[in-house]
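Order-wise, the sequence lines are chains A and B.
The numbers in the first sequence follow the working numbering, run straight up by one, and end at 279.
The numbers in the second sequence follow the working numbering, run straight up by one, and end at 250.
Calculated directly from the structure, the hints in this document are not laboratory data.
Don't be surprised by glycine CBs; every beta carbon is placed ideally from N, CA and C.
Partial selection, computed: residues in chain B whose CB lies under 10 Å from chain A:
#	residue
1	Asn58
2	Leu60
3	Glu87
4	Met91
5	Asn97
6	Phe99
7	His101
8	Met110
9	Gln112
10	Val114
11	Arg159
12	Ser160
In silico DSSO-like cross-links for lysine-lysine, where the CA-CA straight-line distance does not exceed 27 Å:
#	chain 1	residue 1	chain 2	residue 2
13	A	Lys177	B	Lys146
14	B	Lys146	B	Lys120
15	A	Lys177	B	Lys25
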Amino acid sequence: MTQKPHTIEVGDGAAIPLKSDKGLFTAWRLAFVGALATLTWLAFTRPDPYMKIITFVPDGILVTFKVTVGAILLALIIGLITGLGRISSNRFINGLASLYVEVIRGIPLLVQIFYIYYALGRIIKVPDILSAIIAMAVCYGAYMGEVFRAGIQSIPKGQAEAALSLGMTRSQTMWHVILPQAFRVVLPPVGNEFIALLKDSSLVSILAVADLLRRGREFASESFTYFETYTVIALIYLILTLFFSKIIGIMEERINVDR
Amino acid sequence: MSTGERRTMVQARDVVKFYGQFKALDRVSLTVYEGEKVVIIGPSGSGKSTLLRSINRLENIDGGSMVVNGMDLYDPKTDLTKVREEVGMVFQSFNLFPHRTVLENLTMAQTVVRRRPKKEATEKARYLLEKVGLSEKADAYPGKLSGGQQQRVAIARSLAMDPKLMLFDEPTSALDPEMIGEVLDVMKDLAHEGMTMVVVTHEMGFAREVADKVIFMDHGAVVEDGTPEHFFTNPTHERAKLFLSQIL
Chain A
21 MTQKPHTIEV GDGAAIPLKS DKGLFTAWRL AFVGALATLT WLAFTRPDPY
71 MKIITFVPDG ILVTFKVTVG AILLALIIGL ITGLGRISSN RFINGLASLY
121 VEVIRGIPLL VQIFYIYYAL GRIIKVPDIL SAIIAMAVCY GAYMGEVFRA
171 GIQSIPKGQA EAALSLGMTR SQTMWHVILP QAFRVVLPPV GNEFIALLKD
221 SSLVSILAVA DLLRRGREFA SESFTYFETY TVIALIYLIL TLFFSKIIGI
271 MEERINVDR
Chain B
3 MSTGERRTMV QARDVVKFYG QFKALDRVSL TVYEGEKVVI IGPSGSGKST
53 LLRSINRLEN IDGGSMVVNG MDLYDPKTDL TKVREEVGMV FQSFNLFPHR
103 TVLENLTMAQ TVVRRRPKKE ATEKARYLLE KVGLSEKADA YPGKLSGGQQ
153 QRVAIARSLA MDPKLMLFDE PTSALDPEMI GEVLDVMKDL AHEGMTMVVV
203 THEMGFAREV ADKVIFMDHG AVVEDGTPEH FFTNPTHERA KLFLSQIL
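So that you can see chain B by itself, here it is in the shape it has in the complex:
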């Protein structure tokens, strides 16, 4: 596949991140092109989530550079909110706003950030709720929803901003097993529509089916970087082989 003419959505170069003395990211580089689906896997504590969270600067990095959607996150002239408007994020713990109804969760940022009229925001919200199969929950409070439903609402909430890039931080890790499928289905639909996605997950089936590129991280560094076929059938590094043998 030729990537020469595709837009670069994420350009991370030699990213270094410390938590005190602990080196969470060790010169990590990552390029994500428009429309690409990148899945990051690796053992816990390997720095996957830290890398993902540094893409919309929920984590500050201590070295290297991060350019997202053409904007340098560490250029003082960059308005971070402008970057984040275009980058959706889905969290392990959903983080829906519990004091607002499902519908209001979807309209809040549209009206506050995008300054859309209420009617337009509501229409958009209802359309997206239907898309994730939760139209009937529009007026419910998030606390009344199951985990799988909450996560689907969280995805819809991000999509309401019309993001150019979606980040998923272990979106199914907090879910009961029977709810994982419904969330992955929504994510797969999104992938088929051409959304640019970076996904941290332990769902190997999803990685195999959806990913254009699989990145394996260990001890804060990228160890493998290739197609799912390459990674799942013929990993080069011992650590990756070991990880796969444990997880598959």
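In isolation and in its complexed conformation, chain A is listed as follows:
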């Protein structure tokens, strides 16, 4: 009996191209090559201001990257704990996890970022970039919690029954049998969340964090080349998200080949 891999659909990131999906694959290629070509063409045909912009923003890309990776890692941990809490039979833990998810999902991300940034500022002094990461992670942790919950619940009940009947405890069953399988299931939605987070990380530019968008704003307000700057910023974001979509698509295929 061959078990079909379980798939769940969560998130609103850029679509992840899989080889099997021919239409999307060519759309991806068109967008990626198109964006790169446009950026190169602009840089060489009109070095002023485009080349200047392109050389001005890379440290912003690094910050965007730091915020995204930091936030996704923290969100994964928060999400795993929340997801486990959401399936817990302990009423208090379950209620706490559900409350967190409900509250976070009901508040706009931008408001949360402001709130957590200033709330954190009152309690402890942390670097701006760290509070930006925490703010993003607290928000995405709630979504990630739902992804993990769905992933864990998608594993057939027989798996837990088999593990329990071998004498494993509940936590051994979770750790050795359920979670390793759930990780496979959640990889595509986590990939989507990563890309959504990469895009949403532009919101931290509102704080004193010099990410890609903020660097763009700095350049634009000095040179008054608003249109040109935001064209470059948009293209860079597009190239980044498309690039990571591809990476995630490849990772996913690798994992499916194993089976």
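Since the structure of chain A is provided, determine the placement of chain B on it from the hints.
Chain B in isolation, oriented as in the chain A frame:
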């Protein structure tokens, strides 16, 4: 046969189980002695699987008592994992761990639960795989195996824990007909080695050949309880007669 000095492996008394309003088990009592092979048969929905699953408490019962290997399953002081370590279970749908190789399926509980060193667990696993005739599949993933092969691995996985009692929940019902034989052969070998077994099955040939005791259930109750000779040749109850006439 004298059973007076034999250990009692399973002692179920007046077990009652409800699913909502539906009474799945209606005051069912069952005694299984060490070394005994008990086959439970009956129409679908008669409560056979529920009874079997309540023996290692995959199902909670709503009334009566269940004592397994000398431990009361509903005594708050009983560590359920300690009971389950000694009770192997084989499922209709195999339930092998698809993310682990066949060999790892057999070593996981040995190392995690029994805390055996990896080398010892691996040796045990290889020995059991050879016993069920699947040595060459040790490094394959379960998804690459046929149903019959998967079920033989599942039996080996349970045996790796050195159980005192084995429960089989319709082990051949999900298999293509040509694969049923290989699984039943493994089960017969196990029976001949003296394993205590409780088997829910529709395989009447197996029941006749292997069972010390046949239990016929209907509507959540035990209707017949006796030797295979008695059950297959001279059942007392109408329901059992009807069932046999349909199935044989």
